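Using the sequences and the accompanying hints, generate a full structural model.
Here are the chains, one letter per residue:
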Amino acid sequence: MKVKNTGRYIFILFLIFILWHIASAAVKSPLFPPPTAVFCNLREVFFSKIAVHAALSIYRIVAGLIISVLIGSILGLLMGFYHSVDRVLSPVIYFIYPIPKIALLPIVMILFGLGELSKITLIVIITVFQIVITMRDTVKNIPKETFYSLTSLGAGDIVVFKEIILPAAAPELLTAVRLGAGTAISVLFFTENFGTVQGIGYFIMDAWMRVNYIDMYSGILVLGGIGLILFSFVDALDRIFYRWKN
Amino acid sequence: MITVRNLEVFYKSSRGKFMALAGVNLDVEKGGIVAVIGPSGCGKSTLLYTLAGIIKEFKGEVLIDKTPIDPRKHRIGLVLQDYGLLPWKNVIENSLLGLRVKKKITKTDREYAEYLLSRMGLSGLFTRYPGELSGGQRQRVAIARAFILKPDILLMDEPLSALDAITREEMQDLFLDVWKGDSISTVFVTHSTEEAMYLGKKIAVMTGPPGRIVKTMDNPFFGAREIKDPGLYFSIKSKLKDLIKGRQK
Ligand SMILES: Nc1ncnc2c1ncn2[C@@H]1O[C@H](COP(=O)(O)OP(=O)(O)O)[C@@H](O)[C@H]1O
Ligand SMILES: [Mg+2]
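Protein chains in written order, with UniProt numbering: chain X, 1 to 246; chain E, 1 to 249.
It is worth saying that the hints were derived from the structure and are not from the lab.
Quick caveat, the model's predicted, so the values are computed rather than measured.
Even for Gly, the Cβ is constructed at its ideal location relative to N, Cα and C.
Treat the hints with caution; some may be incorrect.
Derived coverage of chain E by chain X (criterion: at least 3 residues anywhere in the stretch with Cβ under 8 Å from a Cβ of chain X; other residues may be distant) [said to hold, decoys possible]:
(1) 51-59
(2) 78-91
(3) 96-106
Partner residues aside, some chain E positions facing chain X, computed with beta carbon under 7 Å [claimed, not checked]:
(4) P71
(5) R72
(6) Y129
Written out as structure tokens, the structure reads:
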């Protein structure tokens, strides 16, 4: 099944590249090079020029998501389980969630500097709300009868968290992580254009400035690849841990 | 032994207090089984949840073997109509859950669980998840889990109501068969008169809301599939139906 899946991915990617090739041949512009040219370039410069940028970007995304998941799920689960926590925190969350946090970038940079911390912080404050709300609603939607068998056994809150709340919330958490990963990648691309000379976002914009379109497309391709790897990783976790769902 | 005296339960909401039980009295002797029957909404589940220690605020007395109900002290086996099993645990894990909350699982426990599950016709399904079982199989696991706990009391809330007629009769027989081995004091809630007359040594009729037990009677047809005295059977049955509908004769 795993092999079949990989085959499917390769086949579909192959189709995309063929379409790209046809489109590029039709346009005939240096702004839109054919995939073959981009691949040749990637083979030459990936390790020498791109890999370090890509690695740094992956680090920022993964660190941001991990922190987001930790903070978001702890808050969300407590809000879902304890009505009193929800009553206090919900208004705060609802108020901050819709504020366009990209606009906070200057403040974040002043507070956390120009380095890694501010980039990761921005990813966290943008993705954490989705996770909080998903986790809270998941816990709230557990049928109350599910708790009854444990309550009638005299189980305390810790047992209830371990046996019901965490297992019920975990698969939904992966969904929230998928959404968060997509958001994180776009946010990262944006933040990497400010105050840094490292990261795949910087590499793409820099190539654009240098009018090196082949490099630019190579960077975009790598960015897509990063997304593909992240999503496949989450899917794999889903398949390994949540057999009961399927 | 279960003793319920003048039990009153209220549901509180923003719209005010709703009286769900108004002075319920009920006795289940040691090794007895009382079938509680009544129309939908009369308060049967509320009564059971109070006996299970899920509803903690009530007036009156609820005693198990003469001590006030406490789910941490007493072992309470609870079987619900649905949602009783945890979807992320397979059959064997689900069936041991009750025991695991109470103590450390030993090899003997595991063997007993496997024995009971097999007796319930579940051998070969131990590693399946609830989502991979039929409704009847799920309820077998839920019932097996309650017995594996070796409970002080057994509470069943319409556990067979969602099943088709044939599965249901099979399950009634199976339940009674296992139950007779252990004879745990049991309250079995149902809305079917046939089921009450097959599974109850005593039958308690409840009406409401607010819920009251209007009549408790001995049932000569307990465990009898073949009815020797159809005249008596149908007269009791129609009497039960009248009581449920609130008509007195
Ligand atoms: N959580 C609740 N809040 C308010 N009213 C409730 C709640 N649960 C049940 N009730 C009401 O209490 C009555 C008894 O309910 P229940 O015990 O579930 O009845 P039964 O199990 O006999 O069908 C019903 O009229 C129902 O509407
Ligand atoms: Mg009910």
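Checked hints:
Residues of the stretch 51-59 of chain E with a Cβ under 8 Å from some Cβ of chain X number 3, which satisfies the need for three, so the listed coverage holds. Here's how the stretch 78-91 of chain E fares: 10 of its residues keep a CB closer than 8 Å to some CB of chain X, so the rule of at least three is met and the hint holds. Counting residues of the stretch 96-106 of chain E whose CB lies closer than 8 Å to any CB of chain X gives 4, which reaches the minimum of 3, so the coverage claim holds. Below 7 Å, beta-carbon pairs count as interface contacts, and E:P71 has one with chain X at about 4 Å; its hint therefore holds.
Among the interface hints, the one on E:R72 holds; its C-beta lies about 3 Å from the nearest C-beta in chain X, closer than the 7 Å criterion. Given hint, E:Y129 at the interface with chain X, holds; its Cβ is 4 Å from that chain's nearest Cβ, closer than 7 Å.
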